[in-house]
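Fit chains B, C and D with the ligands to the known structure of chain A by using the hints.
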Amino acid sequence: MAIKTYAMAIKDVLAEEMRRDKNVFVMGEDIAEQGGIFGCTRGLLAEFGPERVRNTPISENAFVGTGVGAACAGLRPVVELMYMDFAYLAMDQLLNQAAKIRYMFGGKAKVPLVIRGQQGIGRGNAGQHSQSVESLFMHIPGMKVACPSTPADAAGLLRTAIRDDNPVMFFEHKALYATKGEVPDDTEFMVPFGKANIVKAGTDVTIVCSLLYVNRTMEAVGELESEGISCEVIDPRTLVPLDMDTIVASVKKTGRLVTVHEAHRTMGFGTEIAASVTEQAFSYLDAPPERLGAKMCTLPFNLGLENAVVPQKDEIKAAVKRTLYR
Amino acid sequence: MAIKTYAMAIKDVLAEEMRRDKNVFVMGEDIAEQGGIFGCTRGLLAEFGPERVRNTPISENAFVGTGVGAACAGLRPVVELMYMDFAYLAMDQLLNQAAKIRYMFGGKAKVPLVIRGQQGIGRGNAGQHSQSVESLFMHIPGMKVACPSTPADAAGLLRTAIRDDNPVMFFEHKALYATKGEVPDDTEFMVPFGKANIVKAGTDVTIVCSLLYVNRTMEAVGELESEGISCEVIDPRTLVPLDMDTIVASVKKTGRLVTVHEAHRTMGFGTEIAASVTEQAFSYLDAPPERLGAKMCTLPFNLGLENAVVPQKDEIKAAVKRTLYR
Amino acid sequence: MIEKERLIWIYRVMNEIRYFEEKAYTFFTQNILRGSVHLYTGEEAVAATVISLLRQDDYITSTHRGHGHGIAKSGDLKAAMAELMGKETGFCGGRGGSMHIADLNKGNLGANAIVGGGIPIAVGGGLAAKLLDTDRVSVSFFGDGASNQGTFHESLNLASVWKLPVIFVCENNQFAISVPTWQSTSVKDIAVRAAGYDMPGFTVDGNDVLAINDAMEKALDRARKKEGPSLIECKTYRWKGHWTGDPEVYRTRDDVAAWMEKCPIRRLRAYMLENKTATAAALDKIEAKAKAAVDEAAEFALNSLEPDPKTVMDNVYCVPGKEA
Amino acid sequence: MIEKERLIWIYRVMNEIRYFEEKAYTFFTQNILRGSVHLYTGEEAVAATVISLLRQDDYITSTHRGHGHGIAKSGDLKAAMAELMGKETGFCGGRGGSMHIADLNKGNLGANAIVGGGIPIAVGGGLAAKLLDTDRVSVSFFGDGASNQGTFHESLNLASVWKLPVIFVCENNQFAISVPTWQSTSVKDIAVRAAGYDMPGFTVDGNDVLAINDAMEKALDRARKKEGPSLIECKTYRWKGHWTGDPEVYRTRDDVAAWMEKCPIRRLRAYMLENKTATAAALDKIEAKAKAAVDEAAEFALNSLEPDPKTVMDNVYCVPGKEA
Ligand SMILES: Cc1ncc(C[n+]2csc(CCOP(=O)(O)OP(=O)(O)O)c2C)c(N)n1
Ligand SMILES: Cc1ncc(C[n+]2csc(CCOP(=O)(O)OP(=O)(O)O)c2C)c(N)n1
Ligand SMILES: [Mg+2]
Ligand SMILES: [Mg+2]
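Residue numbers (numbering that gives the first Met the number 0), protein chains in the order written: chain A, 0 to 325; chain B, 0 to 325; chain C, 0 to 323; chain D, 0 to 323.
Okay, chain A solo, but in the shape it has when bound (with noise of 0.2 Å):
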């Protein structure tokens, strides 16, 4: 185990992927040279050379078709969007293309491809770069959807993505760069997609969370415990395929759900999940779910307002008493 920032793991798990297999590479805006805005593929370049770590002109649409294409023909393309604001340019050939290809050529093409990069606030950056677009992509069947909330979870899912042979939108989260966790040396561990993490054990109730709103969700928690209130935290890791059982089993227990997210309320991923709980553990409901999210408005520059868009600590703290009628 050795202590790294989630932007170290991400960085250390390319390389390693790079090492292993050769037809994994990289490309995005400002990856080589620079390392990526955010040093995600810093000293890449200068390990494996211009060939394999690219900086790509400002053409998302091709850029992704690109990597579409190239994993059509064998290779592992593993490309780097600088916002994922940025994927609304390259929609079609994610949801159009990408995404449906194996399907509609019937089975007979693979498409081992990973978009990753990087969304949410933290660095005031307004509303075309603060943006959490993850539940966008559960709905057009195809892709599949990892959110890493910690170091060792987006080096897991990170290595795992990379060796699916499946397009995977690989959502990293600004704020979280920075924060340092344990990460397994083992060149191959993997966290399995579709397997939540219980990030926390509890009795009363269950709340679901990821990316930056596993620690805000943490910070809200400690303090309900320490009134009295138990809960138990998961965090699903992936949301396509989503672990239903884990969340079901954790609601049949506790009869209380709340979900936390960045994205936006309306058609937030909770709302999925808020749903498919009510199906499957209707009868073990003590109240009706919660849902939290941003609201609906666009991500505004001012902090204040930004503070005023997303989740608060005490709307958690609040959701979390409302399941319990407190």
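Some clues are possibly wrong.
Below are the PhoX-like pairs computed for lysine-lysine, each with C-alpha atoms no more than 25 Å apart in a straight line [claimed, not checked]:
no. : chain 1 : residue 1 : chain 2 : residue 2
1   : A       : K194      : C       : K321
2   : C       : K187      : C       : K261
3   : A       : K21       : C       : K225
Think of the hints as simulated: they come from the structure by calculation, not from any bench.
Frame of chain A, contents of chains B, C and D with the ligands only:
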């Protein structure tokens, strides 16, 4: 009242609004001489000339963006996307620009832009021409979303959309164009956004459905009623704003909810409705809400497979019966 | 210059495509086929000539008007016709249909129903060719209409700065559905745009096998030598409507008739006869065989099974050990 | 030729931008400002010269590096600085910040944090100018990096086939963040691409007010006469990092120093002195006034209120009768 097809209803409103307001104009692929692939702009070129009826190059992101700019500068563009599947090519202009401009500029801009086009199954168009993508637009604030299921709603909602000062995504269904119905002659006839239509009153179960699935659901409902099950069928007509009041009031009466749509089941708009109903009418629910939607695979070309993907009459009936524990 | 054997190959493939499209049209009007069917009739010289120069391990990407490319690259008329009918024996097991013919094993990275959608995918083929250290090339077929998509620009630029072995083949049939090229496209010759990407551009008569071959040989030589991409514009014309249900408001019968006079197959035949590449009898025999092969493919497709609806959820994802 | 009054206007605005950026940089290092701040220092000639030729009712769209355009078009240093600080008195009430300066009333259709995102919006401005039957023009500012986006291609083509009064102004500062133009862009002179859209292309020294003015006068004349769009490439250089936190791994101090020698403000000053457009004392006074105006704007912004978090849900939609 006149009997019109759904396509004619759309064409007539476009013409009437262009007569009324010279700032309204239409653009899109093959909409001029050809009158649109589905005939929704037929005759407009002859009446309004090439300045206001514009064939665009195949450049979805740019002509949607041109619509955004023209709207900001005082026009009221109505942009046709030939298939709503092509919205993926214009996602940046739709979600990063049109939806955000007003908020991001501090309320000092208006974007009176309508993006209209058809989607869905029914013509063997396969994976990239048969999707139902309306649900994606509910997650990102700033867009309104309309989904007419009848000629009258098509007319009334389109007029409201054109006169709205906000961007509207207007989803038509290819399999509805030839359907007929009464449409008021009044050139001021408008259907307000955010007001659901109770297609049929009933007492045992609330079914929420839209677009092609209003007709399809009504077929199932006919059979259910003859088995003595009284169904209340609600068409929300707009997904943003969404008339939860009407839906919740209905569920408080019936105690049961089934949502049915052609959009994929996971994160389809039924998910939002099911979750919201559970929040707002939890203690009234006699059974967990049932969600029906397309299976989580790409829409296949083969007709038998396509039918296997989207909800069938018997599945609708079975879902209703499950809520009644029959 | 085209070797005799290749000329005969081209002639055969053009005839196969011609008969295939006629059969598809008939089946469509008889309701045996459904969906969006875009016929390649009149444009056969482009696919046949370009692909005659490729190896099986070279890549192509194709379009909604992709039967011709698919047939020329794979040579499998049966799988093509079965796919149009949505049968299990089709290229894509009936999941793709007319607009999605693909054959990864033979280098067809797929047709695409998104105009311009295949262009970056072909660049990916070129990048794979390079990183896998082969001399493979990647050809992207697309229409005049597609040349106005952002992907055209982004892909040509990317292929150029990375010196990828990609050949961009624009099939300029002068219309995008009902819109004439002049109405949507700011240049008369689309190959002019090559200069904006520092690559060679060729505008050729797309009904002339020799002219296409000439440009393609140059582009191919450049690509195999890893010198970078090229753009070839082939001016041609589609004889049929944009799709099988097109009202064709945008042109007259005379326009079509004039272009039918310029039939690329007849022209190639005349050339071959004149140059004694083959006798009339030999060419007739090739034609007859092409027709028979299409008939056989049609029979095969008609007799093939529909996919089992129970398999509808197969192959959304690739599951290790469960390959198609 | 530039009239004296306009030369002086340009000189003043360039100085305002210069001091504004210096102040913004200071505030950023003092943690008074946050977010992504992209300074225009060194490129002032482009915004000031281009906009000196526009009327208030002409449109522009701008970029992430948009302070200069915003200041030149609106002349409101206070609203600009307040926006950078996220204050209620900013152009966008603090909702947009540095990357989203907009002023619809003065024809600024907005800066854009999406590279290339503003180009089609400017085309929409041009279309509005045409359909509203005015002789307004619409100018799109964008960078060299943006010229590789699909929107560049689609927008230039669209503006050309529709003969719209749009002027595409490419600010080629030779880098897109860390990526030098040669690494991402297949042509040395981006204006070469104009030929692919049948429009005039000009490559000019972007630090030379007169050269920019020359090209812009031609493009403007064409646009006002409804003859169609033009592309102007201004070669320039940014003195500061890409954004205020840039490690600048991609260039040396000497590179920067060499370009600082080519300061566009100093150059204009020398020209004006040489041509006796103004005395040194007069120019000094203009500079001093510019500096004072920036100081005043800074003071204004510092003293302005933060937006009330209770208003966070205002203006998602436009509600009739509830205008901002
Ligand atoms: C992105 C996208 N936009 C629009 C369409 C609808 N469409 C299908 S084919 C076509 C015309 C294509 O023209 P061109 O590229 O010249 O090819 P051609 O059909 O002439 O072979 C259009 C507009 C589409 N399939 N995809
Ligand atoms: C669509 C998109 N891709 C990438 C980025 C990240 N980004 C911001 S500025 C920039 C470089 C832009 O270069 P250029 O257009 O030359 O403008 P400059 O910064 O040099 O003025 C990049 C890549 C972005 N904001 N939007
Ligand atoms: Mg064409
Ligand atoms: Mg630049």
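Against the structure, the hints come out as follows:
1. K194/A / K321/C: 21 Å, holds
2. K187/C / K261/C: Holds. K187/C to K261/C sits at ~20 Å (cutoff 25 Å).
3. K21/A / K225/C: 21 Å, holds
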